[in-house]
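Asks: Generate coordinates for the entire structure from the input sequences, incorporating the hints supplied.
Number of protein chains: 2
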Amino acid sequence: MAQNIYDSDDFFKEYIQLPRQTIGLDGAPEWPALRSLLPTDLTGMKFLDLGCGFGWVSRWARDNGAVQVLGVDLSENMLAKARGFPADEAITYLRADLDSLELLPNTYNVAFSSLTLHYLTDLPRLIAQVYQALEAGGTFVFSVEHPLFTAPRRPEFIKDSEGYTVYPLDGYLKEGERITNWMADGVMKQHRTLATYVNTLIEAGFTLCAMDEWGPSDELIAEHPGWERSRIRPPFLLMKASKLFQQ
Amino acid sequence: MAQNIYDSDDFFKEYIQLPRQTIGLDGAPEWPALRSLLPTDLTGMKFLDLGCGFGWVSRWARDNGAVQVLGVDLSENMLAKARGFPADEAITYLRADLDSLELLPNTYNVAFSSLTLHYLTDLPRLIAQVYQALEAGGTFVFSVEHPLFTAPRRPEFIKDSEGYTVYPLDGYLKEGERITNWMADGVMKQHRTLATYVNTLIEAGFTLCAMDEWGPSDELIAEHPGWERSRIRPPFLLMKASKLFQQ
Numbered sequence: 129m130a131q132n133i134y135d136s137d138d139f140f141k142e143y144i145q146l147p148r149q150t151i152g153l154d155g156a157p158e159w160p161a162l163r164s165l166l167p168t169d170l171t172g173m174k175f176l177d178l179g180c181g182f183g184w185v186s187r188w189a190r191d192n193g194a195v196q197v198l199g200v201d202l203s204e205n206m207l208a209k210a211r212g213f214p215a216d217e218a219i220t221y222l223r224a225d226l227d228s229l230e231l232l233p234n235t236y237n238v239a240f241s242s243l244t245l246h247y248l249t250d251l252p253r254l255i256a257q258v259y260q261a262l263e264a265g266g267t268f269v270f271s272v273e274h275p276l277f278t279a280p281r282r283p284e285f286i287k288d289s290e291g292y293t294v295y296p297l298d299g300y301l302k303e304g305e306r307i308t309n310w311m312a313d314g315v316m317k318q319h320r321t322l323a324t325y326v327n328t329l330i331e332a333g334f335t336l337c338a339m340d341e342w343g344p345s346d347e348l349i350a351e352h353p354g355w356e357r358s359r360i361r362p363p364f365l366l367m368k369a370s371k372l373f374q375q
Numbered sequence: 129m130a131q132n133i134y135d136s137d138d139f140f141k142e143y144i145q146l147p148r149q150t151i152g153l154d155g156a157p158e159w160p161a162l163r164s165l166l167p168t169d170l171t172g173m174k175f176l177d178l179g180c181g182f183g184w185v186s187r188w189a190r191d192n193g194a195v196q197v198l199g200v201d202l203s204e205n206m207l208a209k210a211r212g213f214p215a216d217e218a219i220t221y222l223r224a225d226l227d228s229l230e231l232l233p234n235t236y237n238v239a240f241s242s243l244t245l246h247y248l249t250d251l252p253r254l255i256a257q258v259y260q261a262l263e264a265g266g267t268f269v270f271s272v273e274h275p276l277f278t279a280p281r282r283p284e285f286i287k288d289s290e291g292y293t294v295y296p297l298d299g300y301l302k303e304g305e306r307i308t309n310w311m312a313d314g315v316m317k318q319h320r321t322l323a324t325y326v327n328t329l330i331e332a333g334f335t336l337c338a339m340d341e342w343g344p345s346d347e348l349i350a351e352h353p354g355w356e357r358s359r360i361r362p363p364f365l366l367m368k369a370s371k372l373f374q375q
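First to last, the sequence lines map onto chains L and P. By the working numbering, the letter at position 102 of the first sequence is numbered 230, and the numbering carries on one by one without gaps. By the working numbering, the letter at position 124 of the second sequence is numbered 252, and the numbering carries on one by one without gaps.
Treat the hints loosely; a few may be bogus.
[Unchecked claim] If you want the footprint, here are the derived chain P segments under chain L, 3+ residues with CB under 8 Å: (1) 291-298; (2) 321-327; (3) 358-364.
These are computed hints drawn from the structure, not numbers from a lab. Think of the CB as a built atom: it goes at the ideal place given N, C-alpha and C, for glycine as much as any other residue.
Replies: The structure is reproduced here in structure tokens:
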């Protein structure tokens, strides 16, 4: 079972102040890249939002033509916020642990997950669930914290002996639990290599369509000079995969 | 055009002393992983070896049933060594720059490249050449220096302020030329992100089959304790892709 840090009051109090929660999708700098991996027109589609949080993407999918949206999250806090927006009968919010979620087969056209899968303890199980839940031709798009971000004991930039800013990578090939103190102490994540994300998708039957090791554009850096450091190591990994065939 | 460092006498004098040249494939610790990505039986197949060096893999392919092998290298020094082994009329060695090589269409069953593609200045061109040179159903297997290895200004482990060994990553998202002083001064490589390798294959029409961010096994570390550090950041990236359809 994944840790439910979003229902820790200390964590949540900090978390809801992030731009991506107060402003919504425009507060998430990687959203344009993620959106570009999704179908441009969702008209008539069934959309699955895994780790839906406040439901920003669930509502976006609905606004872009999806006829049915299922938003799933483990956190009561998050779902309470999502349900605080005007109700739409095409959107259903479900409280469930993605580590044990069971989905109806051959149901969805698009499965989506933003910055959630790195909390799961059993990724192959969830990926297999998503695969069987998609219709043939369906698309799975997700983002996670980049493996370079989850790997080290201390994911913070340091200066080398010559004064250059570098990222102290360690433990990249040692997969498993990582404890960080981001917003709250003891946040538990699962570090996986990039190859593990790729191979888990392929072994489930998916065909890989695109990968984006997201970093800020020149325009974003002009606006937020501190983000230049993200070019040292990307913060997010975005992937798109398709269920081309019925297996 | 790729730099031809292997024809620099200083470089070559050092290079031919590496175990992977003196012993052959058993001197390359990643070879078992790379071999496992290749078809187990090459009987009747046509095999392309890009950056063939001394021809170790070209001869291995022949020994494993390939009926025709083309080994391509830019270096006269390397090809002279390859031609020093007993001749086999099924193996042809060709001197050519992979940045401008033209291959016959729909000819090969397997294309292979070991630790060569990170020297090329135009990777999409070569990948497209390989794609059109493979028969439908053909396989492309290659290794390169891992992007974590090619990225930094100084790819050497350092100690952090608490005495832990870390790898000072920088410039991961800044693709392009890197100059290192490995065996000789001024060795020129091209740094590309993992996403670029993946997307270049997909955009050429390939279906990704497997990725291996190679690190030493427990057995290898028991034999060579110094190799433990490779788990901090993998030295090699291995990939397998297929031409499933004729496009």
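Asks: Run every hint past the structure and note whether it holds.
Replies: Evaluation of the provided hints:
no.	hint	in the structure
1	291-298	holds (count 7)
2	321-327	holds (count 5)
3	358-364	holds (count 5)
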